[in-house]
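Generate the whole structure from the sequences, applying the supplied hints.
Chains as they are written, first to last, in our numbering: chain L, 1 to 126; chain S, 1 to 179; chain Y, 1 to 229.
Fair warning: there could be bad hints in the mix.
Said to hold, decoys possible - Computed, partial: chain L to chain S, Cβ under 10 Å: (1) N2; (2) V3; (3) T32; (4) E33; (5) D34; (6) L38; (7) S49; (8) A52; (9) I58; (10) R67; (11) E68; (12) Q95.
Said to hold, decoys possible - Distance condition first, Cα-Cα at most 25 Å in a straight line; then the derived DMTMM-like pairs of lysine to aspartate or glutamate: (13) S:K173 x S:D137; (14) S:K155 x Y:E134; (15) L:K8 x S:D36; (16) S:K41 x L:E63; (17) S:K173 x S:D158; (18) S:K155 x S:D31; (19) S:K114 x S:D158; (20) S:K114 x S:D73; (21) S:K114 x S:E133; (22) S:K81 x S:E59; (23) S:K41 x S:D152; (24) S:K41 x L:D4; (25) S:K173 x Y:D181; (26) Y:K224 x S:E56; (27) Y:K32 x Y:E172; (28) Y:K224 x S:D152; (29) Y:K224 x S:E59; (30) S:K4 x S:E59; (31) S:K81 x L:D80; (32) Y:K224 x S:E157; (33) S:K81 x S:D24; (34) Y:K224 x S:D82; (35) S:K4 x L:E68; (36) S:K4 x S:E157; (37) S:K114 x Y:E184; (38) S:K4 x L:E63.
These aren't lab readings, by the way, just hints derived from the structure by calculation. This one's a predicted model, so the numbers in the text were calculated from it and none came from an experiment. Using N, Cα and C, we set each Cβ at its ideal position, and we do this for glycine too.
Here's the letter readout for the chains.
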Amino acid sequence: MNVDAQLKALGQRVADDLLEKLGDARAVVVATEDGFELAYAVRDGIEASRIAAMTSSIAAICEGVTREAGMGSTRSFVVDASEGFLVMRGVQNGQVRLVLSALTRQGTLLGMVMNAVGESARALAA
Amino acid sequence: MEPKIVFTGPPGAGKTTAIAAISDTAPIVTDVANHDTGLAKARTTVGMDYGTVALEGGEQVRLFGTPGQERFDFLWPILVKDALGLAILIDNSRPDPVADLRVFLKSLGPVLSKLACVVGVGRLDTHPRPGLEDFIDELAAAGRMFPVLPVDVRKREDVLMLVELMLAQAEAKNMGEQA
Amino acid sequence: MKHSLRVRAEGLRKAEELSISVFLRFVGQSDKASWSLTRAADAELVLQALGAPSALPATAHLAWVADADAPVSGGSKNVLRRPLQVDAFSALLRGIESGLDVPAARQPIIPAAAPASVAESQASYRLLRWPGDELLQNQRQRKILASFLVSRHLSVAQLSALSGVGRDTCLEFIAALSSRDLLETRSAVMPGEAARRVDPGFAPAPATISTSPSASGLIGRLRKRLGLV
Chain L
1 MNVDAQLKAL GQRVADDLLE KLGDARAVVV ATEDGFELAY AVRDGIEASR IAAMTSSIAA
61 ICEGVTREAG MGSTRSFVVD ASEGFLVMRG VQNGQVRLVL SALTRQGTLL GMVMNAVGES
121 ARALAA
Chain S
1 MEPKIVFTGP PGAGKTTAIA AISDTAPIVT DVANHDTGLA KARTTVGMDY GTVALEGGEQ
61 VRLFGTPGQE RFDFLWPILV KDALGLAILI DNSRPDPVAD LRVFLKSLGP VLSKLACVVG
121 VGRLDTHPRP GLEDFIDELA AAGRMFPVLP VDVRKREDVL MLVELMLAQA EAKNMGEQA
Chain Y
1 MKHSLRVRAE GLRKAEELSI SVFLRFVGQS DKASWSLTRA ADAELVLQAL GAPSALPATA
61 HLAWVADADA PVSGGSKNVL RRPLQVDAFS ALLRGIESGL DVPAARQPII PAAAPASVAE
121 SQASYRLLRW PGDELLQNQR QRKILASFLV SRHLSVAQLS ALSGVGRDTC LEFIAALSSR
181 DLLETRSAVM PGEAARRVDP GFAPAPATIS TSPSASGLIG RLRKRLGLV
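Written out as structure tokens, the structure is:
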């Protein structure tokens with residue numbers, strides 16, 4: 001993966017901080033737009049590399065739909081499941097496009113997760 | 001249900017190009033910057049490619065291209081489900097093209113029993129080894145038997161030949177389902 | 001009366017012997033004779049490779065098997081050119097049969113494209129292995145014919161009807177595949193037995209063709225749209 005060590009270190013800090021902030025979240029993954037895990041913080045042995053590939057596919061398809069439907073630029077996308085939320089957000093850091101995702105448990109407030117993911121995305125873009 | 005044809009295979013095998021060769025309109029692509037140093041291309045598909053061929057009466061055949069990297073194998077059976085036909089495109093200039101085929105045969109597994117499938121091997125002119133027989137052997141080892149032919153996905157007639165061989169199988173199969 | 005006649009191959013390639021056995025399944029039965037392949041010395045017809053040593057009994061009919069451009073001395077009419085063609089082989093058999101009864105000269109020669117015999121309609125074929133480039137290279141039609149045989153057993157008549165390719169061409173391709181051991185051949189079987197023998201996901205070949213109007217229509221429209229017809 002041809003991404004520099006500085007960005008990787010930043011990704012790791014953001015992932016650790018976000019997992020901490022979300023309390024009982026299961027995982028935070030920072031993926032490159034082509035599906036590699038740049039950094040991750042997990043609580044329950046979830047496979048970050050699989051989540052990275054899947055979230056990059058979801059991001060690509062969401063961005064495709066946004067373009068097709070003339071909806072401007074994509075900000076975030078959510079999988080709302082019976083056992084929790086997966087909140088994802090595209091992040092541009094210089095030339096590199098990333099996907100930040102947080103996987104939460106049931107009972108978490110969606111608005112709170114989206115807000116926290118948004119803040120972390122801004123930190124990652126800086 | 002509108003039928004679909006799926007193009008799959010390792011990265012760089014020409015799935016996006018194959019769809020563009022026969023789609024009525026410019027395909028919808030979900031390609032992004034490639035960060036894989038082992039892959040000599042600037043952009044790669046991570047979601048899916050999508051094109052269409054319109055038929056008389058408003059019907060259309062949908063063309064899907066899958067991402068090629070193994071980390072996207074979760075998408076392969078999803079896109080292939082209920083397909084009229086599947087083309088597995090192989091790039092013979094990659095380090096181990098026969099192993100590439102093996103990955104797809106294994107991941108798609110039982111789905112392949114119900115599909116009209118064809119294997120197209122690209123860049124055979126510059127990379128003659130492994131030969132077609134090696135791919136036929138690999139299929140046989142996996143208990144499969146599909147057409148295997150050389151292909152240049154930049155040539156529309158080559159892509160059409162892949163489709164033609166899918167349709168022949170689908171037609172023969174369809175005959176039995178009606179019996 | 002119907003004659004039981006035998007044909008022996010002398011000095012032919014193994015693949016050619018296999019082709020002859022496939023041809024016999026299709027054109028070996030007529031109103032007058034039933035032909036089979038034999039190794040017996042007193043066969044009624046001997047197919048002799050041109051140049052091979054001969055031990056021909058005086059009573060046998062002889063036909064030479066020669067390369068396409070090989071000169072055949074003596075002005076012999078009975079020459080089968082390589083690669084073996086079913087129509088020429090059929091004409092040879094019918095010619096010999098016409099000499100069985102008097103007056104031989106008045107017996108019509110049955111054309112190769114005669115209606116399918118019972119034996120023919122009962123045999124069906126399925127590919128065991130995709131043929132290599134040797135058989136298919138640059139032959140679009142053969143690739144398509146082979147694809148029809150990938151997923152199920154088909155008779156020659158079914159293959160011809162599905163592909164729109166003439167029966168003789170289909171039969172020659174079947175013979176070529178068979179001579180390379182690339183085909184599984186199935187003679188007539190009870191439907192129940194057929195169902196047990198085919199792979200899951202594929203039904204046995206029906207005796208007659210009845211394609212689904214909607215699906216075959218769709219495939220037909222797609223073919224037309226892509227310029228494949």
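Quick rundown of the hints versus the structure:
The interface hint given for L:N2 holds, since its Cβ lies 5 Å from the closest Cβ of chain S, which is under the 10 Å cut-off. Satisfaction of the interface hint for L:V3 is found here, the shortest Cβ-Cβ separation to chain S being roughly 6 Å, below the 10 Å cut-off. The beta carbon of L:T32 comes within 5 Å of a beta carbon in chain S, closer than 10 Å, and the hint placing it at the interface holds. The interface hint given for L:E33 is met, as the beta carbon of that residue sits about 4 Å from the closest beta carbon of chain S, less than 10 Å.
For L:D34, the suggested interface contact is upheld, since its CB lies about 5 Å from the closest CB of chain S, less than 10 Å. The beta carbon of L:L38 is positioned within 10 Å of a beta carbon in chain S (closest approach about 9 Å), and the interface hint is therefore held. Restraint check, L:S49 versus chain S: the minimum CB separation of about 7 Å is within 10 Å; hint holds. For L:A52, the shortest C-beta to C-beta distance to chain S is roughly 8 Å, which falls under 10 Å, so the interface hint holds.
A cut of 10 Å between beta carbons decides the hint on L:I58: the least distance to chain S is about 8 Å, and the hint holds. Against a cut-off of 10 Å between C-beta atoms, the interface hint on L:R67 holds, since the closest Cβ of chain S lies about 9 Å away. With its C-beta approaching chain S no nearer than about 7 Å, L:E68 sits inside the 10 Å limit, and its interface hint holds. Annotation: L:Q95 was flagged as interfacial toward chain S, and the flag holds, the nearest CB pair being 8 Å apart, inside 10 Å.
Of the pairs offered as hints, the one joining S:K173 and S:D137 holds, with about 23 Å between alpha carbons and a cut-off of 25 Å not exceeded. Distance hint between S:K155 and Y:E134 is fulfilled; the C-alpha atoms sit about 23 Å from each other, no more than 25 Å. The hinted pair formed by L:K8 and S:D36 meets the criterion: a straight-line CA distance of about 15 Å does not exceed 25 Å. As the CA atoms of S:K41 and L:E63 are separated by approximately 21 Å, the hinted pair is consistent with the 25 Å bound.
At most 25 Å may separate the alpha-carbon atoms for a hinted pair to count; S:K173 and S:D158 meet this at roughly 23 Å. Of the pairs offered as hints, the one joining S:K155 and S:D31 holds, with about 22 Å between alpha carbons and a cut-off of 25 Å not exceeded. A distance of roughly 24 Å separates the Cα atoms of S:K114 and S:D158; the hinted pair therefore holds under the 25 Å criterion. Of the pairs offered as hints, the one joining S:K114 and S:D73 holds, with about 19 Å between alpha carbons and a cut-off of 25 Å not exceeded.
Proximity of S:K114 to S:E133 is assessed by CA-CA distance (about 24 Å); at most 25 Å being required, the pair is judged to hold. With a C-alpha separation of about 19 Å, the suggested pair S:K81 and S:E59 falls inside the 25 Å cut-off, and the hint holds. For the hint linking S:K41 to S:D152, the alpha-carbon distance of about 18 Å falls within 25 Å, and the restraint holds. As the CA atoms of S:K41 and L:D4 are separated by approximately 19 Å, the hinted pair is consistent with the 25 Å bound.
About 23 Å separates the Cα atoms of S:K173 and Y:D181, which keeps this hinted pair within 25 Å; it holds. Only pairs whose Cα atoms come within 25 Å are accepted, and Y:K224 paired with S:E56 is accepted, the gap being roughly 10 Å. The suggested pairing of Y:K32 with Y:E172 holds, with an alpha-carbon distance near 24 Å, which does not exceed 25 Å. For the hint linking Y:K224 to S:D152, the alpha-carbon distance of about 22 Å falls within 25 Å, and the restraint holds.
Distance restraint check for Y:K224 and S:E59: the Cα-Cα separation of roughly 13 Å lies within the 25 Å cut-off, and the hinted pair is therefore satisfied. Of the supplied pair hints, the one linking S:K4 and S:E59 holds, its CA atoms being roughly 11 Å apart against a limit of 25 Å. Only pairs whose Cα atoms come within 25 Å are accepted, and S:K81 paired with L:D80 is accepted, the gap being roughly 24 Å. A C-alpha spacing of about 14 Å is found between Y:K224 and S:E157, which places the hinted pair at or below 25 Å, so the restraint holds.
A distance of roughly 23 Å separates the Cα atoms of S:K81 and S:D24; the hinted pair therefore holds under the 25 Å criterion. With a C-alpha separation of about 22 Å, the suggested pairing of Y:K224 with S:D82 holds against the 25 Å cut-off. Restraint check for S:K4 and L:E68: satisfied, since their Cα atoms lie roughly 20 Å apart, inside the 25 Å limit. Distance hint between S:K4 and S:E157 is fulfilled; the C-alpha atoms sit about 19 Å from each other, no more than 25 Å.
A hinted pair counts as satisfied when its Cα atoms are at most 25 Å apart, and S:K114 with Y:E184 qualifies at roughly 20 Å. Under the criterion of a C-alpha separation no larger than 25 Å, the hint pairing S:K4 with L:E63 is consistent with the structure, at around 23 Å.
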